[in-house]
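Trainee: Here is how the chains run, residue by residue.
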Amino acid sequence: MRNYYHTLSEKFKIHKHLLPFSNCLIILFLIILPYFLFQGKLFIGGDDTRLFYAYPKEYLINTQFFSWTNLSSFGWNFSYQSFLPFVSLWTILSEIIKSKIVLGYLSISLPLILGLIFFQKFIRELIIDKEKHEPEILLGSSFYIFSPIILYNHFVNPLIPIWLIGLIPALCYYFLKFVKTGNLLDILKGIILTSIFSFGSHNSPWVGGFFIPITASLITCLFLFKKESILQFFKKFFIFFGFIFFSQFFWLLGFLLAFLSSSSNSFTSNVVSEAFSTDFARTILATSTGTIIYPLLNLFHRQIAFDYGLSLKEIYQIFYDKTYFLNFIFIIVLFLGILNFRKTLLPLERKIYLVLLVAFLVSLYLFTVNIGPLKALFIEFGYIPGFVIFRNAYDKFALGYTIIYSLLITYCLVIIKKRYLKMNKVYLTLISLFLLATLINILPIKKIMVSPLQTTENIYKNITIPQEYLEFMKEVKGKIVSTNNVLSVPYGISLYSVIKDEESNNVYAGLSPLIIFTGVNDISGGLSFNYAPEASRFEDAIINKNYDVINNILFTRNINYVFVTKNVPDEVKKSYLFNLEALKAQNEDFISNITDKKIITSAKGNYELYSTKERNSLISGDNLTFKKISRVKYKILIKNIKDKQEILFNDSYHPGWSLYLVPMPDSFNCQKPNNIADLKTTECRQENAFFEIEDLSFIWEDPVFEESQTVNNQFSNKWIIDPDWIRKNFDKKYYKVNKDGSMDLELVLYFKPQAYFYIGVAISIITVGVLIILIYLKRK
Amino acid sequence: MKANIKKKYPSKVTIVVVLILILFWTASSFLLFDKVSFSVVTYQTKNNYKSYENSTELFDDKIFIGEFNAHDNNLGLIILSLGEYKKPKNYNGEILKFRLREKGSDEWNFEQNYKLDLFDSQSSFMFGIPAVSDSKNKSYQFELSSNVEDNINHVKLRDPGLFITGYQYPKSEILGGDINSAKFAYSKLVGSFTDPKFTISALLYLIPFIFVFGIYLLIKRIPLKKLLNKNFNRDHLKMLFLITLIILFPNYFYFDFTFLVITLWIGAFIIYKFKSNASFILSLVLILLWLSTIPFGLQSLQLKYNVLVYSFLAFGVFQLLLEEKDYEKKKNKK
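Protein chains in written order, with the working numbering: chain A, 1 to 780; chain B, 1 to 334.
None of these hints come from the bench; they were simulated from the model.
Cβ atoms here follow ideal geometry from the backbone N, Cα and C, with glycine treated the same way.
Any given hint might turn out to be false.
[Said to hold, decoys possible] Label pairs and their calculated CB-CB ranges:
1) LYS86(B) to LEU285(A): 19 to 27 Å
2) SER121(B) to ALA376(A): 23 to 31 Å
3) LEU285(A) to SER139(B): 53 to 61 Å
4) GLY161(B) to LYS322(A): 49 to 57 Å
5) GLU571(A) to LYS86(B): 14 to 22 Å
6) LEU435(A) to PRO170(B): 56 to 64 Å
[What the hints assert, rightly or not] Which stretches of chain B does chain A cover? Using the computed rule of at least three CB atoms under 8 Å from a CB of chain A, they are:
7) 157-166
8) 283-291
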């Protein structure tokens with residue numbers, strides 16, 4: 001009999017070249033894939049627009065740094081600074097790679113490439129004799145990145161969490177390396193990656209989707225490991241993730257403060273509201289209809305696809321329903337691994353395997369939910385504060401489940417190899433079938449990713465943004481000051497806008513990109529009202545042609561312009577994006593009743609901009625002059641104030657908006673004053689300052705009239721200014737007394753959480769600084 | 001020598017059990033899984049009409065034509081496979097028209113309009129007609145059309161080249177005890193088992209037979225003692241058999257099915273000290289059973305198996321942890 005070990009070593013020589021070659025081949029495939037899928041058009045749209053991949057500079061300038069608002073809606077006052085590192089880096093990249101198509105496509109390939117690389121690195125750290133199991137590791141990694149669950153859940157609409165495909169394994173890899181070696185450099189590498197992709201970790205539900213099952217499984221360590229080992233592990237755990245945690249304070253502080261904020265407009269108050277909690281149980285009951293069998297087959301829940309008529313339904317009918325039996329090989333591999341692990345693995349590997357097995361069971365449950373009485377238990381979890389973010393568990397736990405399943409299945413492949421070392425044919429047959437099933441699963445990738453817009457048959461989402469639209473955006477930017485809001489028509493049910501492709505009926509359907517191209521926020525659908533009652537009032541008013549109500553809402557919400565898109569394809573009009581009744585009512589009669597005059601028309605007449613009937617101002621008050629310094633800072637000059645008077649600030653209410661009295665005379669110079677006579681208010685040309693050192697003083701400085709701040713129109717901010725109080729409490733340098741006894745005073749309106757952002761940045765820098773010093777000292 | 005000869009043959013009890021199971025299988029298959037009444041014999045029938053491919057989507061009054069030669073007398077049924085169709089929210093009473101005539105005849109023997117909501121989520125549809133007593137070897141033609149205007153959501157024929165025709169046998173012929181009864185039995189068997197769906201369904205009810213037969217053949221070859229418990233004996237086997245029967249026929253039990261199975265299994269674990277492998281193997285068997293139900297869409301059964309698969313997996317992992325702990329203890333003692 002030929003020595004099998006000899007045969008294996010011969011094979012390994014081949015592997016030496018074959019494995020890097022296979023890796024390169026997969027990476028090449030991933031790079032080419034978007035070109036094959038989208039054929040030279042941008043794949044944009046959806047809940048995060050994906051425009052920042054193609055237009056990072058515009059995104060950086062118009063929305064970032066001061067970003068406390070969501071796109072195309074009234075502010076949620078929620079920190080979005082986590083985008084900053086990536087968008088800055090991508091902007092630099094865009095200076096090197098000029099093609100928007102290449103940049104856009106790279107954003108699709110790169111998460112999968114990172115996933116492939118870091119998953120291999122991660123699993124290598126979990127296997128003791130890893131060099132003997134490179135083929136299994138590569139196979140497991142392919143199982144991971146080509147999992148139909150990931151492809152469907154994260155690539156039909158590739159949102160930010162796609163970066164977690166690479167980031168989570170990368171973080172785990174550096175953590176395990178640190179646990180093993182104690183090398184602080186691994187923490188630094190972890191920090192760099194986490195910072196670049198901080199907008200990925202910002203999507204905490206998906207991060208939780210991985211870490212919740214893993215944390216639950218760590219309880220089994222109490223059974224399996226000695227107390228000293230557990231303590232050692234947790235010590236390193238806290239060091240590693242402690243550094244990571246504090247290094248992310250540049251966005252995390254704002255994020256945490258938003259959670260602690262009691263504001264009615266805060267993100268958290270929406271997320272933990274009663275409506276959201278009730279919605280949790282309802283959503284779970286409605287959507288958790290799958291069983292654990294399809295996830296075990298490495299497929300997304302079939303039942304959900306059919307219940308909700310998802311695009312996946314058709315893919316099941318034409319493909320997976322015919323090939324699912326091939327995926328039974330994954331279940332065979334899983335069970336062979338479970339039945340044989342004790343015979344083949346080393347003691348430490350056995351323990352790791354058991355921890356993974358428990359994590360797998362937990363994640364399988366969380367991803368499926370619908371397991372008899374466990375479904376009711378999951379609904380009970382809804383009472384845990386914040387757990388409601390997992391209300392669509394089939395989505396939030398999908399990535400975590402796939403990572404854990406892939407880790408376990410890779411381990412099972414290693415077990416099978418060791419178990420059937422002497423039965424070459426059995427091993428090769430299993431491996432070949434496994435590879436075959438993995439590859440066959442990705443065959444419908446084009447059908448998955450290039451699917452029609454939901455509820456349409458022929459409208460696809462890959463487009464070239466028409467030059468007409470881009471030119472029009474430039475004109476809009478020149479005409480409208482960013483202190484205004486715009487109503488986008490047709491007004492839909494979510495907060496999406498539609499841009500039609502130049503040649504075909506394909507569309508961009510996603511968050512309205514107006515703010516990205518112009519810096520001016522718009523309201524494009526029911527969700528733009530941030531769950532306020534106006535959403536339904538506005539739609540009802542459109543349907544019932546109640547133009548007084550519409551005009552009143554437009555005025556109170558500081559919507560002074562109407563942007564009309566006239567070339568929305570008919571099939572899109574009938575899609576889920578619009579309430580057909582409301583859409584029909586948005587006719588010429590509607591436009592003429594809510595607008596004053598047409599301001600500009602695009603070259604081909606597809607886009608028009610109008611002013612509204614009645615004009616409001618972002619800030620208003622008697623004899624008030626204001627100037628926008630940045631998205632978070634306004635200077636206000638009030639003249640001749642005799643008695644108490646109001647200052648209205650028509651942006652979403654937040655207690656963080658604070659007024660500070662500044663000494664007079666200040667450098668308040670008003671250029672290009674625009675007088676809004678009805679409001680007795682003048683707006684000056686904005687300054688667009690990036691950062692002023694005085695901003696830091698707002699951290700410790702006490703605001704004025706804090707107690708008088710109230711919610712106006714159930715949405716915005718209102719203060720009562722009392723000149724007597726100023727006279728009593730402030731030195732004369734803070735105000736100017738006029739001959740008639742009235743007073744002139746100057747205020748700064750500042751969004752205080754922005755100052756916390758600067759504290760966060762300082763903490764991040766200090767954390768990294770401390771780490772670098774520690775690394776330096778340790779090397780010395 | 002005598003003793004050796006005895007060992008070669010199964011006991012009388014085994015023969016009786018096997019015969020009962022075969023009888024049970026045949027009866028269950030015909031009574032529970034056959035989609036038509038027992039007195040109807042069905043045949044897979046080829047569509048002889050050449051150009052049917054372009055009219056399989058029934059909307060805008062497009063006409064689908066089917067042609068076939070009747071296999072027997074008393075033609076009374078035509079079953080067609082359908083694609084996915086959901087009754088629209090704005091259903092306005094649209095209909096599907098079915099009519100049948102003998103080929104070459106100018107007049108239609110039978111004509112019927114069906115409301116489209118009858119086709120909602122149906123994978124096949126039975127078009128019943130008054131039995132044609134002398135249909136054998138005659139050629140028939142039928143037409144289907146619909147006035148629905150929606151070119152996306154409408155009734156579609158899934159396999160227009162093949163359908164099932166059914167023939168109603170009179171009671172006198174079935175129970176006559178003569179050649180006609182034998183002919184009916186033969187036709188029923190051939191007709192049913194040439195339908196792949198029926199055959200696969202019937203296989204489900206063959207499982208107890210396979211199980212007993214397999215146990216009989218393999219009991220000495222499977223390393224059950226190694227796999228389940230080193231003291232594995234007949235008591236263990238009975239328990240396994242009982243649990244398997246409950247799993248296979250969940251609807252026969254009036255208790256909470258999953259609770260019963262899990263309780264029995266935990267009992268078996270405590271009393272007989274089964275290894276974790278037993279739980280995992282049972283879990284794998286249940287996955288196979290679950291997968292075998294896919295073609296029939298037996299959702300309530302799938303949900304029950306779903307709970308059981310997860311329960312056995314979870315219980316198996318729990319056992320594994322205990323075993324690992326024991327292993328560690330033993331290793332430390334050594």
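Trainee: If a hint holds in the structure, say so; if it doesn't, say that too.
Mentor: Going down the list of hints, with the structure as the test:
Separation of LYS86(B) from LEU285(A) is about 21 Å and conforms to the stated range, judged on CB atoms against 19 to 27 Å. Between SER121(B) and ALA376(A) the beta carbon distance is about 28 Å. The supplied range of 23 to 31 Å therefore holds. Taken as a hint, the range 53 to 61 Å holds for the pair LEU285(A) and SER139(B), whose Cβ atoms sit roughly 54 Å apart. The hinted window of 49 to 57 Å between GLY161(B) and LYS322(A) is violated, with their beta carbons roughly 18 Å apart.
Separation of GLU571(A) from LYS86(B) is about 19 Å and conforms to the stated range, judged on CB atoms against 14 to 22 Å. Range check, LEU435(A) to PRO170(B): Cβ separation about 58 Å, and the 56 to 64 Å hint holds. Coverage of the segment 157-166 of chain B by chain A is violated [criterion: at least 3 residues with CB-CB distance below 8 Å; count 0]. Counting residues of the segment 283-291 of chain B whose CB lies closer than 8 Å to any CB of chain A gives 5, so the stated coverage by that chain holds, three being the minimum.
Against the hints set out earlier in the document, violations occur for numbers 4 and 7.
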